[in-house]
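Asker: Using the sequences plus the hints, can you model the full thing?
Just so you know, the sequences run in chain order H and F. The numbering of the first sequence is the numbering used here, which starts it at 6 and goes up by one. The numbering of the second sequence is the numbering used here, which starts it at 53 and goes up by one.
Check the hints yourself; a few may be wrong.
[Stated by the list, open to error] Calculated cross-link-like contacts (lysine-lysine; reagent style DSS-like; alpha-carbon spacing at most 27 Å):
id: 1; chain 1: H; residue 1: Lys241; chain 2: F; residue 2: Lys85
id: 2; chain 1: H; residue 1: Lys241; chain 2: H; residue 2: Lys10
id: 3; chain 1: H; residue 1: Lys250; chain 2: H; residue 2: Lys207
id: 4; chain 1: H; residue 1: Lys207; chain 2: H; residue 2: Lys142
id: 5; chain 1: F; residue 1: Lys202; chain 2: F; residue 2: Lys92
id: 6; chain 1: F; residue 1: Lys92; chain 2: H; residue 2: Lys241
[Said to hold, decoys possible] Label-pair ranges, simulated between beta-carbon atoms:
id: 7; chain 1: F; residue 1: Asn205; chain 2: H; residue 2: Ala319; range: 26 to 36 Å
id: 8; chain 1: H; residue 1: Leu115; chain 2: F; residue 2: Arg257; range: 26 to 36 Å
id: 9; chain 1: F; residue 1: Val82; chain 2: H; residue 2: Ala208; range: 52 to 62 Å
id: 10; chain 1: F; residue 1: Val82; chain 2: H; residue 2: Pro70; range: 28 to 38 Å
id: 11; chain 1: F; residue 1: Ser127; chain 2: H; residue 2: Arg249; range: 39 to 49 Å
id: 12; chain 1: F; residue 1: Glu253; chain 2: H; residue 2: Glu230; range: 18 to 28 Å
id: 13; chain 1: F; residue 1: Val75; chain 2: H; residue 2: Ala206; range: 36 to 46 Å
id: 14; chain 1: F; residue 1: Arg266; chain 2: H; residue 2: Val192; range: 57 to 67 Å
id: 15; chain 1: H; residue 1: Met265; chain 2: F; residue 2: Val75; range: 49 to 59 Å
Just so you know, the hints here were simulated from the structure itself, not pulled from any lab data. Even glycine gets a Cβ: it sits at the ideal position worked out from N, Cα and C.
Read off the chains here:
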Amino acid sequence: MHPAKSVIYFTTASGAGYGLLAWLGVLGAMGIIPADRTFGIAAFGSAFFFVISGLLSSTGHLGRPERAWRALSQWRSSWLSREGIAAILTFLPTGLYALAWVLLGQNTGLAGIIGLAGAGLALLTVFTTSMIYASLKTIPAWSNGWTSLGYLVMALTSGAWLGVLLLAVLGEPMPPYSLSVLAGLTVLMALIKLLYWRSLAKAPARSTAESATGLARFGTVRLIESPHSEPNYLLKEMGYRIARKHAGKLRFWGLFYAAMAPLILLGVAAGYAIPLAAIMPLAAASFAIGLVLERWLFFAEAKHVVTLYYGNSAV
Amino acid sequence: MTSLPQNPSGVKLGLVIDLDICVGCHACAVNCKEWNTSGKLAPLTDLEPYGARPDGVWFNRIHTFEVVDEEAGTSRTVHFPRSCLHCEDAPCVTVCPTGASYKREEDGIVLINTDICIGCKLCSWACPYGAREYDEDEGVMKKCTLCIDKIYNANLPLESRAPACVSTCPAGARSFGDLGDPESDVSKLVEARGGYALMPEQGTRPVNRYLPPRPKKVGDDVAPRMLEHQDDSPDGAGLLARWVDKVLSA
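Answerer: The structure is reproduced here in structure tokens:
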């Protein structure tokens, strides 16, 4: 699949924003993070920045962005529509919670309940995003259980990185076990990715050139003449090949930047007593590069069954 | 509504494509383009039509496959027209977030309302058959309409009320009709020839059917006999020819 920049930015940025909103909702409501104003402004500010810029970016890949509002109407059948509604609904409790935190200095009690509702809706939005991809039978690499699990864990992990980065830079006290939870989530994320790739490699082909043409009874089907000499929309959108050619290397670098390098940096910081404020920006930047690379691969590596009509033998 | 029809009428208009007959001439694709570029979903925009990398919207494409049977040591060439199959469980319809993509209750034709399409392209991702193409110029999706503006056009003579691809096929490889009616000509044709659906494992329940190539007659595969030469003898030739023959034979 063609990896559209707008969609990669949307899924990673809004994922991190919703992930942070979820952490703020839960940890605030539990009284683990106090309703500090400076941190509140920084945390909600960056979470909403990533969510809103991500949502706007997603409308950037529409042919008719001015009609985007129409996408809210078909929630009965369409995950894309459900995502739009969930995204808008999430603004209500999370916005109220942010106001209570920043203006009233409150994040427990009633504010905490609103925060928990916001956390639930934020994760629900990430889930609906993942289901847009997971519901497409035509793309076996997406239509499996790993997609939603991956999106949710990656949103929580990137949200945690964003939150810890802000705490470190602002010099706020870290909640207990922050770094252990962050490292644990990062390892979990990498593990999910490895298991996902393993399951992809093992999964039998869902459709073949023979089932696409119905000609299995006569033997092996091979394209000898394409209908057109130049790439058309289908090939440009669904026939992306570059990633699969370099899949091994790209997967390694994705995991290196997202997990290995940031964890090594955190370890070095702990070992040599380097202040977190100095090491976190570097570690978080490395994580972000890895996350974007991973998301780019998620799109670019995925094969669509329509390519069976254009020379692929099995998808 | 992008939910599928709740009370489908039972009429399932669709195409039957005979792979035994198709010669891969692309006439159906060309006539499709010609009719539809001024039809319901017009225009079928072309980008750089005379440039180095021409691109554009088409509803119908003809692929050519080679099918090799390693065991028998035989192979055959199959020309394979590909267009919208007007599926009963059309995933392109249910994924649409705006209601622009819909399936008609009365005849099962899958259409796009380009006035409300936002061009998110998700329908093209959901379709296993590549039936939907994006019109970059208009920012909306386009697809086969089964020539809805032709098949119901009362201004046309009855025999012309068929999709452009069917009307134009010089070999008669394409048929059009109600595949929901077991007594229709197309249904009988499908029954007689063992017509099948493409990628049934995708669960889309296509309406269109493909008829398989007929089996080769193995062993009968020899060149036809030469005709006997008719003009070895001058008998029956004209006066001048007989005279020339006589002079030269001397």
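Asker: Would you mind marking each hint as holding or not holding in the structure?
Answerer: Do the hints match the structure? See the list:
1. Lys241(H) with Lys85(F): OK: Lys241(H) and Lys85(F) at ~20 Å, within 27 Å.
2. Lys241(H) with Lys10(H): Since the Cα atoms of Lys241(H) and Lys10(H) sit roughly 14 Å apart, the hinted pair holds (cutoff 27 Å).
3. Lys250(H) with Lys207(H): holds, 18 Å
4. Lys207(H) with Lys142(H): holds, 17 Å
5. Lys202(F) with Lys92(F): holds, 10 Å
6. Lys92(F) with Lys241(H): holds, 25 Å
7. Asn205(F) with Ala319(H): 26 to 36 Å: violated, 43 Å
8. Leu115(H) with Arg257(F): 26 to 36 Å: violated, 51 Å
9. Val82(F) with Ala208(H): 52 to 62 Å: For Ala208(H) against Val82(F), whose Cβ atoms are near 40 Å apart, the range 52 to 62 Å is violated.
10. Val82(F) with Pro70(H): 28 to 38 Å: holds, 34 Å
11. Ser127(F) with Arg249(H): 39 to 49 Å: violated, 28 Å
12. Glu253(F) with Glu230(H): 18 to 28 Å: Roughly 26 Å apart at Cβ, these two residues keep to the hinted range, so it holds.
13. Val75(F) with Ala206(H): 36 to 46 Å: holds, 41 Å
14. Arg266(F) with Val192(H): 57 to 67 Å: With Cβ atoms ~60 Å apart, the hint holds.
15. Met265(H) with Val75(F): 49 to 59 Å: With a Cβ separation near 58 Å, Met265(H) and Val75(F) satisfy 49 to 59 Å, so the hint holds.
When held up to the earlier numbered hints, the structure conflicts with 7, 8, 9, 11 and fits the remainder.
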